[in-house]
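*Asks:* Letter by letter, the chains look like this.
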Amino acid sequence: MAEALNAMKKNKILLLVSSIGVFVLLAAAAIDENFLKQWRRIQASGSHDGEPIPVQLRQVVNMGLRTADRCVSCHVSMGPGEDGVTGNALFKKHPPVVHDPAQYGCTVCHGGQGLATEKDDAHGTVHFWPEPMIPAAVAEAGCGTCHAAPGVPSRDTLRQARATFERLDCGACHRVDGRGGTIRPDGGGMEGPDLSRVGITGYDAGWHGKHVAKAAAADKGPWKTSFAPVPEADQGAVAMYLAVRNSAPRLTEAKSVFLSYGCLGCHRLSGVGGDEGPDLTRAGERDPGQTDFTHVPEQQGLDNWIAEHFRSPGAVMTGSKMPAVAAPESDIQQLTMFVLSLRRRELPGAYMPKDRIAVARMGQREFAPDGATIYGAFCAGCHGLNGLGRTSGDETFPAIANPEFQKLVTDRFLTETIARGRPGRRMPGWKKEGGLRPEEIRVVVEHLRALAGVTGRTEEDAWKANGSTAEGRKLYAAACAGCHGDKGQGAKGPSLGTRAFLEVATEGYLRDTITKGRPGTVMPAFGEPSTVHRTLTPGDVESIVTFINLWKGK
Amino acid sequence: MSPSTEQRPPLAEFWDNLRAAPRRILDTAFRGGSPSTDRTRSTFVFGNVFLHLHSARVHRWTLRWTATAGLGIATTAAFLITLVTGVLLMFYYKPYPDVAYQSIKDIHFVVPTGRFMRNIHRWAANVMVVTVILHMARAFYTAAYRKPREFNWVIGMGLLAVTLGLSFTGYLLPWDQLAYWAITIGANIAQSPREVTDALEITEWFDPGGFQRALLLGSEVVGEEALIRFYLLHVMILPLVLVGLMSIHFWRIRKDGGLARPVDADQRLEPEPGVYPVFTQAPEKTYQLAAVVEGRTPAVGRGPENTVPSMPHLFYAELGVLMLTTLICVALSIVSDAPLKELANPSVPENPAKAPWYFLGLQELVAFSAFMGGIGIPTIVLAGLGLIPYLDRESEGTGLWFGGPGGWPLVKRALVVGFGASILVEAFVIRYGWIREWFPSVGQLVVTVLNPGTLLTLIYGAYSVWLVKRYRSTRAGALGLFTCFLCGFLVLTVVGTYFRGPNWDFYWSPSQWPRH
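From first to last, the protein sequence lines stand for chains A and B.
Under this note's numbering, the first sequence has 33 at position 33, and the numbering climbs by one with no breaks.
Under this note's numbering, the second sequence has 370 at position 370, and the numbering climbs by one with no breaks.
No lab work stands behind these hints, which were simulated from the structure alone.
Wrong hints could be hidden among the right ones.
Unchecked claim - Straight-line alpha carbon distances no greater than 25 Å define the calculated PhoX-like cross-link-like pairs of lysine-lysine that follow:
no., chain 1, residue 1, chain 2, residue 2
1, A, 9, A, 37
2, A, 119, B, 341
3, A, 474, A, 432
4, B, 341, A, 37
5, A, 321, A, 474
6, A, 552, A, 432
Claimed, not checked - Computed footprint of chain B on chain A, listed as stretches where at least three residues anywhere in the stretch have a Cβ under 8 Å from a Cβ of chain B:
no., region
7, 13-21
8, 128-134
9, 284-295
10, 486-492
11, 532-540
Think of the CB as a built atom: it goes at the ideal place given N, C-alpha and C, for glycine as much as any other residue.
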C-alpha cells in the first residue's frame, strides 16, 4: 500500500479505537451515574405501602442553620414526610428526639458532611473533612454544638442527689427517662408529671408545700399513704437533680464527671477556668486530619485520640505538661464524650438555646454552686479528688484537706490563698477574670473544712515571733534553703518570700507548720527527732519565723 | 408557461421542492458537493469557515506520526475539552468565598455527572500544560522556529504563558485549603521583587513586588477580590486571549507554508504512487493574486510538491488525536478524582503549602531566593527562549529531530549535564545547606546573587557558551541549553513535588513528615 494511504489507515485506526474507547468510557460513566450510585440503589430497594418510592436526591434544608443535609438520600425515613418507607435496614426511623431531624437536618447534631451523597464522604471519615460524625455511642455529645447545660453538679453530688430522689421514692408517681410513675391501683394514669426534661421546662418551685397540702387533704389513696414531708436538705438535693434533667442525660452525666477531675483548674471552658492548658471551649472540633494518631493504639477516630490523651497526655501530644488523668476506664469514656461535645456553631438568634444564652451572656455557671462541685471542677486535678494531694511525674501537689493542715489555718488564710494563688508555684490566683467569685471561694473553703472533718481556726493566732534574726538566718540557710531557696524564692518547695504568702500566713501558722510539718508533702516536722533532718527547738523555730518575716517588708 | 407544466397538478412543484429540501440544505451548507474528487476536497476545506485555517493540501512529511507526534493538535484538543466542560461547570459554580466551596461540593455530589465533568476539566487542563510544554520541545528540537516561523515561536511562548495562567487562575476557584494556600504562595512569588527592594531599603518608595501582588489579589490577602479576579481571568479574559493567539498561531502556519520540514523532504519520502493524485511538480496553474500580494504566498514558484488533500488525510489525523486526547482525559477522570480539601481557612496555613505542580520548580528556586526564583531566573529563561529564533540563523537540520550541528549525540551529553548539574546542586544544598546556614549574618543581596538557582543557571549558561564555541554553531548551544533547561525544570519540579515537606525541608517521602 502507498505510504499516504498507510498513514491514513493508521490515522483511521487511531480515530476508530480512540472513539470507541471514549464511547465505552462515557457509557460506563453514564451507567454509573444513573444506575450504580449508592443512594440510587438504596432508594431502589425501598417501598412505601407496597409501591416503590421515587428514586431522587433527597435532602433536608434548613436556611436558618445553613445546612443542606443529603443524609436522607439513604436514610430515607428520617426525611420530611417519609414515614413508613421499608425495605432496607437504613430506613429505620430516627428515635424520638426533641429536634425533628426532618426540620433541623442531621449534621448540626451528628457532624459529618451533609452535602455528600456517598457513605464515607457523608460520614466524614475521609481525608480533608474536618468534622467527622460523632460516634453513635456518644451521639449526645452533638448536643454540645448548641447547648450548654448550666448548674451541673460534680459526679458525687449528682449521684447523691439522684440517690435522694430515689430514696424519697419520687419515682412512685413520677416518671424519669421511662422509669417509675407506676399506674395507681384504683385506675387512671400516672399521678405525677414526667420529670425527664423538667430542667428545661421548669417546675413549680412551691411543689413541696402543695404536696404537703394535698396529702393532708386526702383521706385515702396514694396521696394519703405515699407522701410525707421532705427534709430541707433533701429538697435541695432533689432540686439539684431536677435542674439538670434535660434531653441529654448521658451528656449531663459526662459533664458531671468532667467537673470532678479538676480540669477547669488549668483549662478554660467558655471563658471560665485556669490558663495553664489550652482553652477547651472548642476542643471537640479538633480536625482529625490535623491530628497526630501515631501514638494512639487504634490509630483513628477522634474519640480514641481524646481517650488516649487522657491516659497518657505526654505521649499523644508531644510537650504536653498535663498530668495523666488517674481515672477508671469508664470515667475516661465519660470525659471523652464530654470533650467531644465541646463544639460551637454560629447560630442565628432564633436558634440560640436558652441555656447557651444563660451561660454565654448572663454569666450563669455551667457547674453547680456547691463546694464539692467547685472543688471537683477546679481543684481536684492537682490536690486530688479528696484533697489529699497527688504526685504526677516529678511534681508534687500538696494535700490540703488533711485535718493537721486544716486545723492550723484560718478561713482567711484559705480564702486569700485561693484568691491570690501562690506566686512561683503552679497554684494560680482565682480572683481573676474567668476565675471564681467570692461566694464560690467561700463554699470551697467550707468544702475543705468538711473534707477534713474539722471546723478549723476562726481566730487568728496572735502569737508573735521574737527570736534572733541572725540565728534565724543561719538556721534557715541550714534547714530550709535547700527546698525553699536561699532567699525564700522557692525551689523544690514553695516560695516563702512573697507578699501574697506572708500577708496571709500568720507567724503562728509558720511556727506550727515548721514544727509539725505538712503531711502529704515532703515538708517534714522539724520539731520531732529525726535521722534525716535536723531537729529544731521551739527557740530555733521562733528565730526562723522571725527571719522569714523580714521578707514581708519587701 | 408551457403547456406541459400546466398539466401538472398545482402542488407538484411545491412537493418536489419539499422533497428536495433536505438535500438542498445539505448542499448549501457544505458547498462544493461531496468531497470525492481532488477539486471538491479542496472546496470542502476552503469553503468551510472552520476548516479553511488549514491549507487545502498538506505535505506528506507533516502527516508522519514522528513529524510532530500530534502535540499541537493534542494541546488544542485539550483546550476544547476544557472549554466544553468549563462552560458546563459555570452553570453551577458561584464565585464567592465559602459559597464557591459549597458549589463545588454540589458539583461533586449532586449535579448529574458533575464530578465527572470536573474531573475531565481538571485532567484536560493538566494534559494541556504537559502537551504545550512537549509541543514547545518538539518545535525546538525540530528547529521549526527558524525563518520564516520566528515570530510564531514567540506567539507559542505567549500561548504557553496563557495556558499556565489559565491553569493557575483555575486553581483558586474551588476555594479549599489546597487552592487557598497554593494561590497565597503564587501571590508571594509575584511579590518576590521585594526581596531586592527590601535589601536596598527602597520598598517604601519603589515596590513593584507589592504592586504585582496587589494587582493579582486586589487586596492584601487572598479573599473575595482575588476570587472574582481569578474567576474573570479564568472564564473570560484568558480564554479570549488564548483563542486570539491560537488563531494567529494557526493562521501563520498556513501562511508560512505548512509545518517546517527539511528542504530535501521530497527526496526523503518514499515515492507515492497514490490513489489520490499527488503533485510532485508544479501544475499548470496561475496565481492571479500573486501579482498583487507581496511576499510569500503559499505556493508561488514552487508548486505544491509532495502533497495530499487535507480532506481526508489531515482530518483523520487531527480527529484521531482529538479523540485520543479525549480518551486519555476521560480515562484519567474515571481513575482519579480532582482534589478537594477542606474549606479554605486563612487562619490554618497548610504546611507545606505548595503551588500548582508546574510552579513547584519555581517554588523550589524561590526557596533559595525569592527574587531570583520568582523574577530573575524566569526572566532569563523567557528571554533566552524568545531570542532563540533570532540568534540561531542557521539552516542545517530544519524539520529534523535534533537537527543541526551536534545532533542527537550532543543532546544525549546535554541530558547528562542537565540532569547531573541540577541533581548535584540539589543534593549539595540539601546535604550541606547554603550561605545563609554557614554565615547567618551575610547580606540578603549576596544570597540573591549567589544561590543554587543562579549557580545552576550559570552552569547551564557556561556549558551552552562552550558548545557554541566548540561547534561554532548557535544551534548547538541552543540544543544544549534547551535540553539543560528541560532537565532542570524536571528535576526541580520533582524535588518540589515529592521531596519537600513541612517548612520546605527535604524528606524522602511524605510518610517521614513530622506530625505537628
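*Asks:* Hint numbers the structure violates, sorted upward?
*Replies:* Numbers 1, 3, 5, 10, 11 - these are the hints that the structure violates, sorted from lowest upward.
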